[in-house]
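A.B. asks: Chain by chain, the residues run as shown.
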Amino acid sequence: EPEVTQTPSHQVTQMGQEVILRCVPISNHLYFYWYRQILGQKVEFLVSFYNNEISEKSEIFDDQFSVERPDGSNFTLKIRSTKLEDSAMYFCASSPLTGTSGTNSYNEQFFGPGTRLTVL
Amino acid sequence: LAKTTQPISMDSYEGQEVNITCSHNNIATNDYITWYQQFPSQGPRFIIQGYKTKVTNEVASLFIPADRKSSTLSLPRVSLSDTAVYYCLVALNQAGTALIFGKGTTLSVSS
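As you go down the protein sequences, you meet chains A and B in turn. With my numbering applied, the first sequence corresponds to residues 1 to 120, in that order. With my numbering applied, the second sequence corresponds to residues 1 to 111, in that order.
Hints were generated in silico from the structure; no laboratory data involved. Worth double-checking, as some hints may not be accurate.
Claimed, not checked - With a straight-line Cα cutoff of 25 Å, these simulated DSS-like cross-link-like pairs (lysine-lysine) come out:
1) Lys69/B / Lys103/B
2) Lys52/B / Lys3/B
3) Lys103/B / Lys57/A
4) Lys103/B / Lys42/A
5) Lys42/A / Lys69/B
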C-alpha cells in the first residue's frame with residue numbers, strides 16, 4: 001500500500017539555523033500539506049499546496065516558513081531561522097482531492113510518520 | 001466552522017465495545033463528519049467518514065442521528081492496539097483544504 005514518507009525522522013538543530021524537512025507524498029496525489037504538533041498539544045495546520053503553489057496557509061506559517069516541490073516527487077518545508085518554539089513533530093500529508101463537491105467529501109488525508117524537530 | 005466537543009479520555013478493557021460520542025451542534029448542511037486515529041509519535045490516520053445515518057467499514061461504525069448534531073464512533077471488541085487518540089472532525093476549514101483538529105479523546109485499553 002502506498003504511503004507518505006518523511007525524512008529525517010529526527011532533526012536536532014541550533015536556534016537560528018535553517019532546516020529543511022522532506023516528504024515524499026503518495027505518487028498520484030495532487031494536494032500536499034504540512035501540519036505540526038507540539039508535544040502534548042493538538043495537530044495544527046500549517047500550509048496546503050496544489051498545482052505548484054500555496055493554496056492556503058495558517059497564521060503559524062509566517063515568513064520564516066516556505067514550501068517547495070523541487071521535483072516530481074519531493075515536497076519540502078523550510079524553516080529559515082529556527083526558534084525554540086519551533087520544536088515539534090512536523091507531519092506531511094497528501095490527498096488525491098480535497099473539499100466537498102456535491103454529495104462527495106474528500107476529507108481523507110494520508111499522513112506521513114513525521115519528523116521530530118528539536119531546536120536547542 | 002462547526003466546533004466539536006468530545007470526552008478528553010476514556011478507559012476500556014480488551015474485548016469490549018467502545019463508543020465515543022462527539023457533539024457538533026452547529027454543523028453546517030454541507031459538513032461531513034470524519035474521524036481520525038493517532039497513535040503516539042505517529043501521524044493521524046483516517047478511520048471513517050459519514051454524512052448521516054450509519055456508516056460501517058472494517059475498522060469501525062459511525063452513527064449519526066437525523067439532526068446530525070452529534071455522532072458516535074463505535075469500535076467493536078477493542079484490543080490493546082486500539083489505545084490511541086481519536087479525533088472527531090467536522091468540515092474542512094473555509095477554504096476547503098485544512099483539517100481542523102481538536103484535542104481528541106484519548107482511549108486507553110487495558111487487559
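A.B. asks: Find the hints from earlier in the document that the structure breaks and name them by number, from lowest to highest.
C.D. replies: Violated: none.
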